[in-house]
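So the protein lines, in turn, are chains W, U and X.
For what it's worth, this note's numbering labels the leading residue of the first sequence as 1, then goes sequentially.
For what it's worth, this note's numbering labels the leading residue of the second sequence as 381, then goes sequentially.
For what it's worth, this note's numbering labels the leading residue of the third sequence as 663, then goes sequentially.
Please keep in mind that the hints were generated in silico from the structure rather than gathered at the bench.
Keep in mind that a hint or two might mislead.
What the hints assert, rightly or not - A short, non-exhaustive set of chain X residues, derived as facing chain U with CB atoms under 10 Å: (1) P674; (2) K730; (3) A738; (4) E762; (5) R765; (6) Q798; (7) R799; (8) E801; (9) T803; (10) V810; (11) A812.
What the hints assert, rightly or not - Think about it this way: if two alpha-carbon atoms lie no more than 25 Å apart in a straight line, the pair counts; the simulated SDA-like pairs of lysine to any residue are: (12) X/K698 - U/A546; (13) U/K543 - U/Y515; (14) W/K297 - U/G637; (15) U/K579 - X/R695; (16) U/K643 - W/E88; (17) W/K82 - W/V281; (18) W/K191 - W/L210; (19) W/K297 - W/I314; (20) U/K643 - W/A145; (21) U/K404 - W/H310; (22) U/K579 - X/W745; (23) U/K404 - U/W567.
Keep in mind the model is a prediction, meaning the values are calculated, not measured.
Note that beta-carbon positions come from the ideal geometry of N, C-alpha and C, so glycine has one too.
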Amino acid sequence: MHAPALLTLDQLARLVPALHSRGYQVVGPTVRDGAIVYDVLEGISDLPVGWTDEQEAGRYRLRRRNDDALFGYVVGPQSWKKYVHPAEVRLLTAERSGHTFRILNNDPSPPRRAFLGVRACELAAIAVQDRVLQGDRYRDPIYAARREGIFIVAVNCTQAAPTCFCTSMGTGPRVRGAYDLALTELVGPGKHEFVIEAGSDAGAEVLAELAPSAPSEAVCQEAEAAVERAASQIQRRMDTTGIRDLLYTNFDHPRWDNVAQRCLTCANCTMVCPTCFCTTVEDVSDVTGMHAERWRKWDSCFTQNFSYIHGGNIRSSAKSRYRQWMTHKLASWIDQFGSSGCVGCGRCITWCPVGIDITEEVRAIRESPASSKESSHGNP
Amino acid sequence: MTMATATTTDPMLPQPYSVRQVVKETADTFTLTLEPSNGAGGNRFQPGQFSMLWVFGVGELPISISGDPAERNRLAYTVRSVGQATHALVSREVGGAVGVRGPFGTGWPVEKAEGRDVLVVAGGIGLAPLRPVIYEVLHHREKYGRLVVLYGARSPRELLYRKELAAWARQHETQVLSTVDYGGLSWRGQVGVVTTLFKYARLQPERSLAFACGPEIMMRFVARDLETRGLARENIYLSMERNMKCALGFCGHCQYGPHFICKDGPIFRYDQMRPLLEKYEL
Amino acid sequence: METLERIIADHPFFAGLESYYTNLLTGCASNVRFEKGTYIFREGEEANEFYLIRAGKVAVEIFAPQRKPIMLATVAEGEVLGWSWLLPPYQWRFHAHAIETVRAIALDGKCLRTKCEQNHDLGYEILKRFAQIMEQRLEATRFQLLDVYAVGK
Numbered sequence: 001m002h003a004p005a006l007l008t009l010d011q012l013a014r015l016v017p018a019l020h021s022r023g024y025q026v027v028g029p030t031v032r033d034g035a036i037v038y039d040v041l042e043g044i045s046d047l048p049v050g051w052t053d054e055q056e057a058g059r060y061r062l063r064r065r066n067d068d069a070l071f072g073y074v075v076g077p078q079s080w081k082k083y084v085h086p087a088e089v090r091l092l093t094a095e096r097s098g099h100t101f102r103i104l105n106n107d108p109s110p111p112r113r114a115f116l117g118v119r120a121c122e123l124a125a126i127a128v129q130d131r132v133l134q135g136d137r138y139r140d141p142i143y144a145a146r147r148e149g150i151f152i153v154a155v156n157c158t159q160a161a162p163t164c165f166c167t168s169m170g171t172g173p174r175v176r177g178a179y180d181l182a183l184t185e186l187v188g189p190g191k192h193e194f195v196i197e198a199g200s201d202a203g204a205e206v207l208a209e210l211a212p213s214a215p216s217e218a219v220c221q222e223a224e225a226a227v228e229r230a231a232s233q234i235q236r237r238m239d240t241t242g243i244r245d246l247l248y249t250n251f252d253h254p255r256w257d258n259v260a261q262r263c264l265t266c267a268n269c270t271m272v273c274p275t276c277f278c279t280t281v282e283d284v285s286d287v288t289g290m291h292a293e294r295w296r297k298w299d300s301c302f303t304q305n306f307s308y309i310h311g312g313n314i315r316s317s318a319k320s321r322y323r324q325w326m327t328h329k330l331a332s333w334i335d336q337f338g339s340s341g342c343v344g345c346g347r348c349i350t351w352c353p354v355g356i357d358i359t360e361e362v363r364a365i366r367e368s369p370a371s372s373k374e375s376s377h378g379n380p
Numbered sequence: 381m382t383m384a385t386a387t388t389t390d391p392m393l394p395q396p397y398s399v400r401q402v403v404k405e406t407a408d409t410f411t412l413t414l415e416p417s418n419g420a421g422g423n424r425f426q427p428g429q430f431s432m433l434w435v436f437g438v439g440e441l442p443i444s445i446s447g448d449p450a451e452r453n454r455l456a457y458t459v460r461s462v463g464q465a466t467h468a469l470v471s472r473e474v475g476g477a478v479g480v481r482g483p484f485g486t487g488w489p490v491e492k493a494e495g496r497d498v499l500v501v502a503g504g505i506g507l508a509p510l511r512p513v514i515y516e517v518l519h520h521r522e523k524y525g526r527l528v529v530l531y532g533a534r535s536p537r538e539l540l541y542r543k544e545l546a547a548w549a550r551q552h553e554t555q556v557l558s559t560v561d562y563g564g565l566s567w568r569g570q571v572g573v574v575t576t577l578f579k580y581a582r583l584q585p586e587r588s589l590a591f592a593c594g595p596e597i598m599m600r601f602v603a604r605d606l607e608t609r610g611l612a613r614e615n616i617y618l619s620m621e622r623n624m625k626c627a628l629g630f631c632g633h634c635q636y637g638p639h640f641i642c643k644d645g646p647i648f649r650y651d652q653m654r655p656l657l658e659k660y661e662l
Numbered sequence: 663m664e665t666l667e668r669i670i671a672d673h674p675f676f677a678g679l680e681s682y683y684t685n686l687l688t689g690c691a692s693n694v695r696f697e698k699g700t701y702i703f704r705e706g707e708e709a710n711e712f713y714l715i716r717a718g719k720v721a722v723e724i725f726a727p728q729r730k731p732i733m734l735a736t737v738a739e740g741e742v743l744g745w746s747w748l749l750p751p752y753q754w755r756f757h758a759h760a761i762e763t764v765r766a767i768a769l770d771g772k773c774l775r776t777k778c779e780q781n782h783d784l785g786y787e788i789l790k791r792f793a794q795i796m797e798q799r800l801e802a803t804r805f806q807l808l809d810v811y812a813v814g815k
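Please put together the full structure from these sequences, using the hints given.
Okay, structure coming up:
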């Protein structure tokens, strides 16, 4: 374990050039279109300096802070999956060649990227996607190529949104797991500094270049307290005790009908979810019919034809599609990949246009569990 | 942009195969035999496995392999034309190209069937993924007990492999019975659903392994009736079907409860499937 | 030489029936044979018997105007043909067409109804067996109605 170090704002500003000089494209949070999104950063001034976000179920607003914090917000509509598991990616280009066809390798290697500003829940989400896309039977070469060698600068949350529930999912607010650098921002009157720890040799090497000083015990304790404060701000809870069996045995719970009354099956929750990985494939060909491409695109289990097999859709009702999404995320994911698919980031709550709250849906089922016998009573 | 022919073994990239033969089985069902275009060795497969077949510029489909596992360098697929992509596939002419990925998925556990009676129960096009099992048993007749093939289809016109069914019926220790839901008066086989054939099956249930494939409702009836007739749930295997885009467990479409049909299946034991089969819209 | 009683006792339909009852049944039984192509009974005729099929195959058919005869089911070796003799109005509802030469044991329905009325234990044994056949046929009919091989249903 590397000892914590202290950086001033000016020292931190050297981080982006240090990463650039090592060949990384640096991506991280920035303000665009009234939201904090992830994009290429040329320097720390591209970060959402002095901005924060207000989030509630179905609501997201940016607001000015009364300081110049770089990381004074939580998570926005995007997640890092846009880089490692792109929303649209060409699987292949092929051309006709006599009676047969040739597959052409036409995509340049993705850039080596450094992720700056990865929150604890997002680090957990990356670990979840690692298990799904490269830790099971097959390795997704598209994901693997983008994932390999990413330099991760994690950030401990020092504030929480009302939609956050990472403490319930055991993922935050303190970053854990595989990062290269992890920093905690300390901002106050006349003070702006960062406690930073290296989590890898590569991280330690970059950190050394920033010429940090050694933090005092008091500063370290202040950083601890800041993260504790974020934890204590978290109001939302999800009781995950026996959640797999809870959802499996409540397949016929009337709550699914209740949520289906509200759910628009718009698929927003799956788009903003940092672990949702489903995709579809589309074929395109040019007018000559000589060239064809196959594109992989994010898909959602909320779409009607997601479950189509000749003759019809397996899950045609909104009820069944919401149930599939939530049961997969919280229950069958455990069977499939050994962990929950939910990291408690709260994006699905914020970005649901009707404010459906996954923690509330779990609570409703837990508080009035209906066995399948009870729910089918009077409906033989 | 660099343009070079792909050399990696990317599981998402189809290998070019060409159509060697097209056999019309019924009005809408065809068997295509494919060979690798580049003269390389074809992929070996286990009975019950499937491939992803790609038609250039049209689309890709999961199709069970219906050919003989002993035939190297040849892959046969029996395809029912029910949509744009299947229509494009069955319309391929001899010499035409088809992209092949795979084989994927679990096979029928034929090794577990050694020394036992083998009961094959098929409905409609469900005989296609079971035909490799029949070939396998007939090639190694001494390794298995009796082979009983029970086959149901909607009408006599929709029975697959009719000549082969007759030929198999003449094999040693082999019984083949076909039934149709709607028989014309010229039909001399059985009329009734496939479960009505169980009473004619000459095998010992307690030493039998059953492999069933067909519409999901049919498999439910079949498995339940087989259990009534003394087959243990763990000796009954079903082949499941769901939407599939990648066959690798990445696209998420084929999830069935905790299972991915593509990599955990498509062949599952009935005792694993039983709690899920009755769940509507799972 | 197999006796009639032995044949009845060995037929799967009467499996497990006590010999006292098989003996009673034998009094109502006779050996019959129907050549391929002949009709064993026709719709609307009086239903006075049922058949334990020993060999051959029978098609249960119904005719409708402007349509070809419809084959509803086939009944073969080891199965039982006909239950209209059991319930009023004792009339066949379908045709039974021997599509292969059929050897069977015919059981006289009137004779059997009388014995069942006199001996309700026998009646119960018979009804239990027919109830099972009816259940199986109903189940198969429901399954058939699902038309599971059709696309787009």
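These are the hints, each one checked on the structure:
1. Given hint, X/P674 at the interface with chain U, holds; its Cβ is 8 Å from that chain's nearest Cβ, closer than 10 Å.
2. Checking X/K730 against chain U by beta carbon gives a least distance of about 6 Å; that is within 10 Å, so the hint holds.
3. A least Cβ separation of about 7 Å between X/A738 and chain U falls short of the 10 Å threshold, and the interface hint therefore holds.
4. With a least beta-carbon distance of about 8 Å to chain U, the hint placing X/E762 at the interface is held under the 10 Å criterion.
5. At about 17 Å, the closest approach between the beta carbon of X/R765 and any beta carbon in chain U exceeds 10 Å, and the interface hint on this residue is violated.
6. Because the beta carbon of X/Q798 sits about 8 Å from the nearest beta carbon in chain U, less than 10 Å, this interface hint is met.
7. Given hint, X/R799 at the interface with chain U, holds; its Cβ is 9 Å from that chain's nearest Cβ, closer than 10 Å.
8. Checking X/E801 against chain U by beta carbon gives a least distance of about 8 Å; that is within 10 Å, so the hint holds.
9. Against a cut-off of 10 Å between C-beta atoms, the interface hint on X/T803 holds, since the closest Cβ of chain U lies about 9 Å away.
10. A hinted interface residue such as X/V810 counts as satisfied when its beta carbon comes closer than 10 Å to some beta carbon of chain U; here the least separation is about 4 Å, so the hint holds.
11. Hint status for X/A812: holds, given a least beta-carbon distance of 7 Å to chain U, under 10 Å.
12. At most 25 Å may separate the alpha-carbon atoms for a hinted pair to count; X/K698 and U/A546 meet this at roughly 22 Å.
13. A distance of roughly 14 Å separates the Cα atoms of U/K543 and U/Y515; the hinted pair therefore holds under the 25 Å criterion.
14. A threshold of 25 Å between alpha carbons decides the hint, and for W/K297 with U/G637 the separation of about 23 Å falls inside it, so the pair holds.
15. For a cut-off of 25 Å, the pair hint linking U/K579 to X/R695 stands: about 23 Å separates their Cα positions.
16. For the given pair, U/K643 sits about 24 Å from W/E88 by alpha-carbon distance, which is consistent with the 25 Å threshold.
17. Taking the CA atoms of W/K82 and W/V281, the gap is about 17 Å. The hint holds against a cut of 25 Å.
18. Our distance criterion of 25 Å between C-alpha atoms is met by W/K191 and W/L210, whose separation comes to about 19 Å.
19. Restraint check for W/K297 and W/I314: the C-alpha separation of about 21 Å stays at or below 25 Å, so the hint holds.
20. Of the supplied pair hints, the one linking U/K643 and W/A145 holds, its CA atoms being roughly 22 Å apart against a limit of 25 Å.
21. With a C-alpha separation of about 20 Å, the suggested pair U/K404 and W/H310 falls inside the 25 Å cut-off, and the hint holds.
22. About 19 Å separates the Cα atoms of U/K579 and X/W745, which keeps this hinted pair within 25 Å; it holds.
23. With a CA separation close to 21 Å, the supplied pair U/K404 and U/W567 stays within the 25 Å bound.
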